[in-house]
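Given next are the chains, with one letter for each unit.
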Amino acid sequence: MAQPALLALADGTVFVGESIGAAGASQGELVFNTAMTGYQEILSDPSYASQIVTLTYPHIGNTGVNDEDMEAAAIHAAGLVVRDAPSRYSNYRGTGDLQGFLQQHGVVAIAGIDTRALTRRLREKGAQNAVIVAGEGAGDQAAAVAQARAFAGLDGLDLAKVVSTPQTYAWEEGLWETKAPPSRYHVVAYDYGVKRNILRSLAQAGCRVTVVPAQTPAAQVLALRPEGVFLSNGPGDPKACSYAIDATRELVASGVPLFGICLGHQLLGLALGARTVKMKFGHHGANHPVLDIDSGRVLITSQNHGFAVDEASLPSCLRVTHRSLFDGSVQGLVHADRPVFSFQGHPEASPGPHDVWPLFARFTALMDAAQNGIARS
Amino acid sequence: MPRRDDIKSVLIIGAGPIVIGQGCEFDYSGTQACRALKEEGLRVILVNSNPATIMTDPDLADATYIEPINWRVVERIIAKERPDALLPTMGGQTALNCALDLDREGVLERYGVRMIGASKAAIDKAEDRELFKKAMESIGLGVAKGAIAHSLEEALQVHALVGFPAIIRPSFTLGGSGGGIAYNREEFVQLCERGLDASPTRELLIEESIIGWKEFEMEVVRDRLDNCIIVCAIENLDPMGVHTGDSITVAPAQTLTDKEYQRMRDASIAVLREIGVETGGSNVQFAINPKTGQMIVIEMNPRVSRSSALASKATGFPIAKIATKLAIGYTLDELRNDITGKATPASFEPSIDYVVTKIPRFTFEKFPKADPTLTTQMKSVGEAMAIGRTFQESLQKAMRSLEIGSYGFEPRIDRTGDQKAMRDRLVQELKVPGAERLWYVADALRIGFTIEEVHDLTRIDPWFVAQIAEIIAAEGEIEARGASGALIKADGPRMRDWKRRGFSDRRIATLLGRDEDTVRAFRHAHGIRPVYKRVDSCAAEFASATAYMYSTYEAECEAEPENRAKVIVLGSGPNRIGQGIEFDYCCVHASVALRESGYQTIMVNCNPETVSTDYDVSDRLYFEPLTLEDVLEITGLERPAGVIVQYGGQTPLKLAEGLAANGAPIVGTSPTSIDLAEDRERFQKLIVDLGLLQPPNRIAHNAVDAVALAEETGYPLVVRPSYVLGGRAMEICHNREDLEIYMRIAVRVSDDSPILLDRFLSDAIEVDVDAVSDGQRVIIGGIMEHIEEAGVHSGDSACSLPPFGLSRALQDELRRQTVALAQALDVVGLMNVQFAIKDQAVYVLEVNPRASRTIPYVSKATARPLAKIAARVMMGHSLESQGIVSEVVPSYYSVKEAVFPFIKFPGVDTVLGPEMKSTGEVMGMGRSFGEAFAKSQIAAGAAIPGGGRLFISVRDRHRAAAVPIARYFADHGFDLLATRGTAAVLEASGLTVRAVNKVSEGRPHVVDMIKNDEIDIIVNTVADKQSMADSYLIRREALQHKVTNYTTLAAARAACEAHGHMQEFEVRCLQDLHKEIAHD
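Chains as they are written, first to last, in numbering that gives the first Met the number 0: chain W, 0 to 376; chain H, 0 to 1079.
FYI, nobody ran anything at the bench for these hints, they're computed from the structure.
Check the hints yourself; a few may be wrong.
[As the list claims (entries may be wrong)] Derived DSSO-like pairs (lysine-lysine); straight-line CA-CA distance at most 30 angstroms:
1. H:Lys7 with H:Lys1074
2. W:Lys124 with H:Lys7
3. H:Lys368 with H:Lys1041
4. W:Lys178 with H:Lys132
5. H:Lys79 with W:Lys178
6. H:Lys341 with H:Lys132
7. H:Lys144 with H:Lys133
8. H:Lys368 with H:Lys290
9. H:Lys144 with H:Lys7
10. H:Lys79 with H:Lys132
11. H:Lys119 with H:Lys37
12. H:Lys341 with W:Lys279
13. H:Lys144 with H:Lys290
14. H:Lys133 with W:Lys178
15. H:Lys119 with H:Lys132
16. H:Lys37 with H:Lys1074
17. W:Lys277 with H:Lys341
18. H:Lys144 with H:Lys124
19. H:Lys290 with W:Lys178
20. W:Lys238 with W:Lys160
Just chain H, with the same shape it has in the complex (with noise of 0.2 angstroms):
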């Protein structure tokens, strides 16, 4: 039976930002959905704020709406667009949150909209703790002891039947938000009174402990026919305690029998069964108590979930796409599995003949104040998948997919001091979780624990435990085989079984003591090179129509390389804060033009949540690390025309150079101009040559040198390491003492990574440009300027396009000197240069000759696809050619805003500075800057309340133009609060100020007020480490209490042209909207 024909328009929500717990997985699901829905011929209308998104692309809806994702905002646009139904599975827990919103507050059923993919009933069921327990009793399946509680009284009831540790679990939160386990009474006490802000129905599950018990989850798929199949079984390698995204994990399950994972099964369609998940995919989350076998239920999400990405991209099974297609009213039998080229049905169970090991990537040097324990409560940025055909090689081929400078088990403790201490250390390293514990199990193995102590410490299964121990016994064979001189032939065999557990080149070299190139030359000498095994979703029982592909070292290849023209593009690896999805959007970007164009595209990419990965993206697809030794490899097997690496962030520019040694033909930009604009001394140069200006600037090589050189820039400096991304370790000095300390404790500076000093530009407007250039023509793609003053990482800055302040003859100055730069440079393909303004005079920050962070939000803003059209010039089609010959200034403005993740990481402060810490970001579109701004606010969840109490607490030099921001308040409904030295200055402008304590100053004081939510909105400037430090206590209580609060005057100041418009805006569909650019 075909799909239901009532339906001809469906709704999709997508997740909004990138946070932590919701990463770019819903991009990838998204994505799917819409073109599951168009290919069937209905009318898509989707709204999502994040603009670096594929799904957010114009041709993927009929209808896309970037708009805040709140029931408020959805409702205007069903109002407008009356869709038949809501798809709300494929936006993560933003999109069923809204839909439960939207459905609670009688607008679907005011609009006839039909929620499809999952009831109210059934989303109630799965995500109401009380509900669900009741639920899995009721279907005799075991749930952990515990209950459920509305209040700290509740709670500690509640605990008085569980005990220690206890899990406090929020209801409604993604990723565990607010969570975590309490070992004591006031860990206990603490977590729930987070767990209660952080639930939108401030109700909390408390459970029994069950750490240390096995974990897996089961992903399910259901049809309206009561057809389930299971796509794919994934075991946990960190058992209960670590939330599963910060979780290694491994599919398929290793550990269970047939008899235990049937029953695994038949639990999970019961779950689904019971919740009412009438159609799509769940995943269900079971423990099971390694002694007994005993199992429980943890949780199950009825809607597609980071591990259903995961789960996809280890079988090839389109759980996205296919759930869409149920929901609409296909049933599973009457699908087809595109990977064996529609031989067989989507009615099966994928069969997998390979190990897929996932390991999270964590950002703690971020946040240094972050407590790095792993726990129930989501705190990793991203993951990398690898793909071997054992647990050994899957897992080192993870590790060194992870790009934190690992290429194996690395030790990680110093084995030649105190072995007591260094003893006593690992066991604690075991006991409790962090970002490195794989690496210290290694060590442990190393200096003799045994595989049961190690468990005992862990709760690892010994499986995996055993599994790292042949691997460290391997490590051993080789450091021996080293320490005897150069490799022979006769070490041909062993090398096999060296590269056959997994070890990369480079960590062979290091073991036997010699450098990657030698082993390289070893291994092609002796033949032994990787072949390509196809994933196919059938263990190779149907031939394959579909190219993707991993390594292994095995006998036979199927990669089957065409002859024909071909292109490889390189992703950008795992997501991490400085390098997320907008990079992944630019590489399905390349891919998508070059297929256009008539070349063959291959994408390289180790990372699962990512639109790239999809198999259907590129012609061929290596699910591969990106490190140098995968990759030319790849590129010795398909010898393409050119290889892309411009697109994928650091992650493949570090390695141009290895490629362009080895023959690699990379197109575009020369890594030589890409290095001149890296090189401080050489770019400086060029800025000279081109009469441009930067701020005043040295280099040091050492600490010493660094305060002399000081003192010729002058303070305040901003200063960091050479070659980073993100703005890692990046900060301001205001004076030598600051400078001491940060060359003494933020980094080790050596004449390999010496440490930059640019003398800052206090007040300073900052401009990004980004532009492309085929070498003759250069074309500005969007001006951008920053809400936030120069010295906020631009990453994390607002920013509108087209500028709201800057006069025609400065823009003019800045396309000037772009287009200068770019032909200086050599530029072909995309750039991105970052400007400052200062007293009307235009500083270069910073040139990136490759696609930035603001290319897919430039792309949306101006409806033009500049990655599409960089790539093309890249292989040789110049701008005139595509019919690009001017800038694109729309009429309408966009605003970019950065999410952050501090409210994961207590005791982090919230004050931006020049290290990027945001996650994602949103964009708002409107008629004015205020309105563009109001949007980006809403969705951002920062909202900027109609009127209340208005706290104003500013430094000494923001006093006079803290004025107008204050009246402006007072004009528009706040009453205003200030600390004593602003309330005076206010005072004095005759408003009516009444003045509040200083946290210093006695009680109550201002922090009392917030938490007593007797404050609606904050501007609380700051400037140095000492006011930083006052200030430090008001930002973390505005953040848990959900109080705006602007940092910047800049940003107030927005917000008071923003204020009018916060209920005041309408939808607008970038379709429309892109009209109106073609009619100009």
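Next up, chain W with everything else stripped away, as it sits in the complex (with noise of 0.2 angstroms):
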């Protein structure tokens, strides 16, 4: 029998469910994702550390779990809320199903209620903060709405540090049921909550990758001879990592090709004197139209991101090349005279369309330039 769970937003509304993961209470901002495919990679991507994520679509679960989808080695979203999870995954890839994986992981998770009406309220209210109560406690809804009320908000937290990798480590597997070429680039990349796929992304892009944590100043990183740096993804305020920001500005100085995602992207804008701002429930999902300003043409991309850098505020230095057809809100940045460049979606997809994943080869030729310079001067 299943155990009963609850759903608990900061405005006092409360859903009533069952459990589908671990018991126990779990805070974080509640965001909506409307991505149709991709749950175990949404769960396990680091940028969701201290979120609780909605998923649109209402049948989450169906095709299992495996290791292959895994964007990290554990589940960084702070809970899961649907509205079924099926009793039968089928899949041929499928290992074990939703729900075992996530009391595996410790992970509290709710289904049952009505995810429309929760996204419609996220929609006109904002990201809120939450909590999903999952068994015993389940109950007390007056308490629950208290522990929503009480979870701080992401802004001004740095969780960056929190999912970093402790160490550096090497990266060179390619993507998903390809095998990456032989490398061509030193790449270090930052691991602000990096997403397995960049990895696996700039491997395929011909990159042997060292993935170094997030606190790593940037002399240390340049030490290793780089021929490009990578700012990842990266869940939290990108304004709370100082570190991040300055080390940023000095690789921008330094002149080594640098290419950011998401909280990249933001670090990038903030390390050179633009502002970011907390949207209202932000971009969650694998539909967003992205023009590409030089060629005119569409791109759907996979976003998830809850800041942003307002365009008001960029320095002259940075150009907007890439622009959300949704809002007009900034996504992409290309620096004037530095072989730098950003992107705030997730040119790496997994999970969403591939459309941008051609970013990855302009920043091999970034590389490629950068190269023929050094070699004529």
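Using the supplied hints, reconstruct the complex from the two chains, each of which is provided in its own coordinate frame.
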């Protein structure tokens, strides 16, 4: 018999459902994601640290879970909210069901609630602090609301250093069902909560990747003599990562080719003097159209961010290359005279479409250009 | 960048008549295309032979040609209209093929017409099996092993490569026509021969079988800048081996991980690029090996398709409209998403937060001799779609939307019999897919088959089987609850859970052993009512301005009903033979007319192929099953001023009584009057009171009575069960023996469903009259004289408006009787009367005080939108106030002809009778009856050759009348062939005839000659069962060899009149013809 569970929001709204994960309580910022596939990638994406994620597609768990679809070693989301977790999964790659996976990772999750009503609420009121209480304690709604309100929120919260790797490691594995080509570049990737598919994509693009902890100083990175440096995605408020902002500023100044994704993109903006702002409910989905301003092409992108670079604050050295066709927000930046660029969405997809994957090739092209430049000088 | 400015006028080719594999989804796409182009201020020229469509309404295009869709005719239209561009991607395979013909014949070049939306090269690459395979291989995508054959010899060579079972697919046919799966050599040869015949290029693709693999479809849209989006991924519940059109399909895809889905997405886009679809919508089909994940491409359609319609309705993304705009140069980001109130661009991929299930509707009961096995050739005639928050809810809603008397998983097998036999039968039913396999899956689970066993037998993915197993487990719980007494308050949460799983009140009632009203009352008493969620294309990320809704049992309702005068129009549900697009046309007209009159209009329907289920046709759209339960919840929420039940055929009519009993305000003719017209005894009294005539008739409540009563009326008899549409189970009995067989085999007769016996009027002329009445005044809409004599179902008969052979006096008598009947029945709205005329006496066969199948045809023939007029009448606007004061009798002729699905059903006789068998219709318009009839025949694919050999064989009593027909053909370039009896009569009249053998007279016989293409046209009448059996082979062979075959003298006579017009005719657009009426 399923255990009861409830979801309480800071605004006092309570949804009663059943537990499909571990027992206990978990607080976080509640966001919704409209991707219809990729729940395992979403759950294991470190960018979801301290966030409870509601998936808008009603059946979650249809294909079970498998080792290949992990974006990190563990589940990072603070909790999961779904309409229905089917009792039986089916997929040739599946090795277990979602419920067991959640329990095994100690993640609380609730099913059986009107997730569309919840999503509409989040859309209207913005992302909210919330708590899921599963099993014992699921009867006390008032206590749960108080717990939701007690969560301090993500503003000013540095989570990158929390989820980052404690030590440096090398990455060689390529994309799914393919073998990475021999490497031509050495890239140092900052792990602020990096998704494996970014590392796979870099490897696929011909990079030998050295992954370093979030707080690694720039000098230490440059000492590794990389051909390029990568700034990863990650959770929390970019403003709080002062060490990373400082490191990024130094890296830009060094002239090393630099590519940032998501949090990395925001850090780049901050390093060069732009501001970041907290969005109302952020971008979380796999269907977001982004205009590539130079080519006029529309790219369907994977998105997962609650903060954005404020266009009004951009320094003159940064140019907007990509723009969201949903709300006009900045999606890509390029430096006027440094080999530096960034993207707010997720070129590595996983989950999501591969339309922006060529940005990895742009990165290797920058490294090529830089190499040739060095060779000439 | 805006649209290209070198295009000022566009020709759109429609899909022609509704046939299996090409249904009213192309009315949806064509209508959207016309609207999209008109919005841009372009001149729209449309050709479509199908008068029952919304797209052929004169206000949708600037010049509407209801003319045959073949290149010679379209060339005349092009010569007259000189369009800048041709859009061939909105009218299915018919339009694509016609466009290719126009290109091949140099017409497009000659007149400087540009093809937009798809190039010839792209169409060829997508449709030509060999080119397609090469293209796929060149981009690294897998395809099934196989090769092309152009002859049986080549086919056998290919077969050595692929083994059994082998899939045979003819090129350039629609709905997989002529294809199939061969398990042995005999089947292989048979299918190859049929397939070569069916393919216009005599080309087959023979492939290895991937039966049992998972099947998916991706709906892709691309613009000229190479922006590509996936509108929807559809997963087939039925695995490979069953045609997609015959498969239960689910959106979005359920059993793909993101990696697998994205791989398929990448492949879909690569396919569009490689094929070269520059702009517009296409679908790409994939198969996936469930054990290894290996993916192969099955095929792609470089045009909008049935699944585009489904994807549009499933997501709220109007593919046809967007594809049209892209074809004239827009890019996706320049177009807005209507559903979000234009807050977002069309360049995004819809995200849905519900599950959509489509179930096909079959009609095997109409063709008892057809093979009901589902295979790679499509056999379904319609489909129902349902939306629910979960698969279980969506599936069960779709099942009751089908209107096949199912309200859920009713058992299909009797569990009390021999257990072994039952198990064996189930294994068979699961292994061999048929129309009801879904129900057998439930039966199997019920008697203890495991999910794995069911999966092994059906290859249906275990995910779906497990979902069904949960429904069956819940059924067990409901049954158990029913056994322990009446429901009490504490059962509320259980009831809510059942409803959340999509159970209908009726199914719950059956399982509980209660009645539906009790369940509903319990539900309402405990506040368990559906809420309505919106289809918004974005999973609630943005606010939706569009009231496109579905019901579900959840916490929050988004319906937000408005406090205005509103009207609910109940649609006609899934298409079926006897109830098709004509009724959707009427429903759309009702909504449009009443919207213009200031009402808020609310459409309820569950057919994804239709125009009525487009979100912008009505103010509000409820995509819901048309059952009493589902409709009552909507009327309860919306509280409309009126509910229109007259327009959706039998579907809403069946609900009228229940709706009225529950307080819904039915407008128009009262349910009592409708019932009176259907109630034989009361209706008979009315006829007598009015001093009118009916053929002698009786009602039998059991088989013994029937035989006795038949002696009173005399033979031949038309017999049928009461309350049917489309002449279901209707037959002509020539003698007592026929009747006894009928009573024994064809029907179950009971007190509740008696059998109606009518004296059959041999050789009578049948006439349909449509009229509209406001309760005071009755205006005749049109008098339609049938070509075929009474006895052929009116839906299958050709007819002419105005009549071509009735005297003025007779016509006036028909008018008088129609008016009298309308007044006596207090008709408010539309009415259709069927008359038979024999020996100058007028008999009333049937009165239907509701929209009839002929309304769109009459409306187009007379320039008078009857359905709109009647809708206003129903809301209290008199005919006079609408300026409708007299009948319109056009100066030109409009002939409607029926189109049949026989070619899809090998072994089925093509002879026409009282049971309706046609799927669609065409119309021909001309200055003379002959010209109009000729066009109708060309449009229906029954061309009359200029000369050649006529084979004639008629019954004894037809012989005298056959002479002038034979003489006409002999005088116009035909050699006569006849069976001996007929030959003797013709020779006696001075004609030169060559006698040929009947099949029973030894070889070579007439069927040999048909096979050898030695016969060009056939007149072969039949009378009784024996002669029908004799000539069956002639009809089947004629069908296979596309030899026009007249089975009635009346049709042959009309063919004589038409013969001279087969080449010599003029194309005229509806707008010009209608001007003549305005000037009258």
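Here's how the hints hold up against the structure:
| no. | hint | in the structure |
| --- | --- | --- |
| 1 | H:Lys7 with H:Lys1074 | holds (24 angstroms) |
| 2 | W:Lys124 with H:Lys7 | violated (48 angstroms) |
| 3 | H:Lys368 with H:Lys1041 | holds (21 angstroms) |
| 4 | W:Lys178 with H:Lys132 | holds (27 angstroms) |
| 5 | H:Lys79 with W:Lys178 | violated (61 angstroms) |
| 6 | H:Lys341 with H:Lys132 | violated (40 angstroms) |
| 7 | H:Lys144 with H:Lys133 | holds (12 angstroms) |
| 8 | H:Lys368 with H:Lys290 | violated (38 angstroms) |
| 9 | H:Lys144 with H:Lys7 | violated (46 angstroms) |
| 10 | H:Lys79 with H:Lys132 | violated (40 angstroms) |
| 11 | H:Lys119 with H:Lys37 | holds (25 angstroms) |
| 12 | H:Lys341 with W:Lys279 | holds (20 angstroms) |
| 13 | H:Lys144 with H:Lys290 | holds (19 angstroms) |
| 14 | H:Lys133 with W:Lys178 | holds (26 angstroms) |
| 15 | H:Lys119 with H:Lys132 | holds (17 angstroms) |
| 16 | H:Lys37 with H:Lys1074 | holds (21 angstroms) |
| 17 | W:Lys277 with H:Lys341 | holds (25 angstroms) |
| 18 | H:Lys144 with H:Lys124 | holds (18 angstroms) |
| 19 | H:Lys290 with W:Lys178 | holds (22 angstroms) |
| 20 | W:Lys238 with W:Lys160 | holds (13 angstroms) |
Of the numbered hints stated above, those contradicted by the structure are hints 2, 5, 6, 8, 9, 10, listed in ascending order.
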